[in-house]
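*Asks:* Sequence:
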Amino acid sequence: MNKDILNKTNILFAQGEKEFLKAKQNINKFYDGKIRTLARRACGFYLDGFLTFSNKYNYGKSFINHLKAIVNDDSVPNSVRDAANNLSIKVNNDELSGNAALNYSETIINFCLKEFTKYKSENE
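According to my numbering, the sequence shown is numbered sequentially starting from 145.
Calculated from the structure, these hints are not laboratory results.
Check before you lean on any hint, since a few could be wrong.
Cross-link-like lysine to aspartate or glutamate pairs, in silico, EDC-like; alpha carbons within 16 angstroms at most [stated by the list, open to error]: (1) Lys-162 <-> Glu-250; (2) Lys-258 <-> Asp-176; (3) Lys-166 <-> Asp-176; (4) Lys-166 <-> Glu-250; (5) Lys-168 <-> Glu-250; (6) Lys-147 <-> Asp-226; (7) Lys-234 <-> Asp-176; (8) Lys-178 <-> Glu-239; (9) Lys-200 <-> Asp-218; (10) Lys-234 <-> Asp-217; (11) Lys-147 <-> Glu-266; (12) Lys-200 <-> Asp-217; (13) Lys-264 <-> Asp-148; (14) Lys-200 <-> Glu-161.
Distance windows between CB atoms, simulated [unchecked claim]: (15) Asn-216 <-> Asn-247: 20 to 26 angstroms; (16) Lys-205 <-> Glu-266: 35 to 41 angstroms; (17) Gly-177 <-> Glu-268: 19 to 25 angstroms; (18) Lys-205 <-> Asn-229: 18 to 24 angstroms.
Even for Gly, the Cβ is constructed at its ideal location relative to N, Cα and C.
Let the sequences and hints guide you as you build the complete structure.
*Replies:* Next comes the structure, spelled out in structure tokens:
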């Protein structure tokens, strides 16, 4: 297994987990916009890690571009694509709550973790 890919992915996932936990721990302290931003950032780190081991380079350079690109990736389950779509659209505060953003981000994060586990088992 390529240790550079493994290390880079683990670092990106750790950064994503930090953002996700910050959002989750502050759901009642921060306003919804801040939670949405943290949820998007968490997904961005995880998707960056996903791109590292999956060799998909067509997702763009920013976290929002990653979310928008995954919506159009037919190799990704519909639930993940829907979650990415909901996180990537510009919304007013009453259209996407912090809790909903966390739920959508959890769907994307779980997908990335599952794919990474699969990648590691196939490349041992």
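*Asks:* State for each hint whether it applies.
*Replies:* Evaluation of the provided hints:
| no. | hint | result |
| --- | --- | --- |
| 1 | Lys-162 <-> Glu-250 | holds (13 angstroms) |
| 2 | Lys-258 <-> Asp-176 | violated (28 angstroms) |
| 3 | Lys-166 <-> Asp-176 | holds (13 angstroms) |
| 4 | Lys-166 <-> Glu-250 | holds (13 angstroms) |
| 5 | Lys-168 <-> Glu-250 | holds (11 angstroms) |
| 6 | Lys-147 <-> Asp-226 | violated (32 angstroms) |
| 7 | Lys-234 <-> Asp-176 | holds (13 angstroms) |
| 8 | Lys-178 <-> Glu-239 | holds (14 angstroms) |
| 9 | Lys-200 <-> Asp-218 | holds (13 angstroms) |
| 10 | Lys-234 <-> Asp-217 | violated (20 angstroms) |
| 11 | Lys-147 <-> Glu-266 | holds (14 angstroms) |
| 12 | Lys-200 <-> Asp-217 | holds (10 angstroms) |
| 13 | Lys-264 <-> Asp-148 | holds (13 angstroms) |
| 14 | Lys-200 <-> Glu-161 | violated (21 angstroms) |
| 15 | Asn-216 <-> Asn-247: 20 to 26 angstroms | holds (22 angstroms) |
| 16 | Lys-205 <-> Glu-266: 35 to 41 angstroms | violated (27 angstroms) |
| 17 | Gly-177 <-> Glu-268: 19 to 25 angstroms | violated (42 angstroms) |
| 18 | Lys-205 <-> Asn-229: 18 to 24 angstroms | holds (20 angstroms) |
Violated hints for the displayed structure, listed by number in ascending order: 2, 6, 10, 14, 16, 17.
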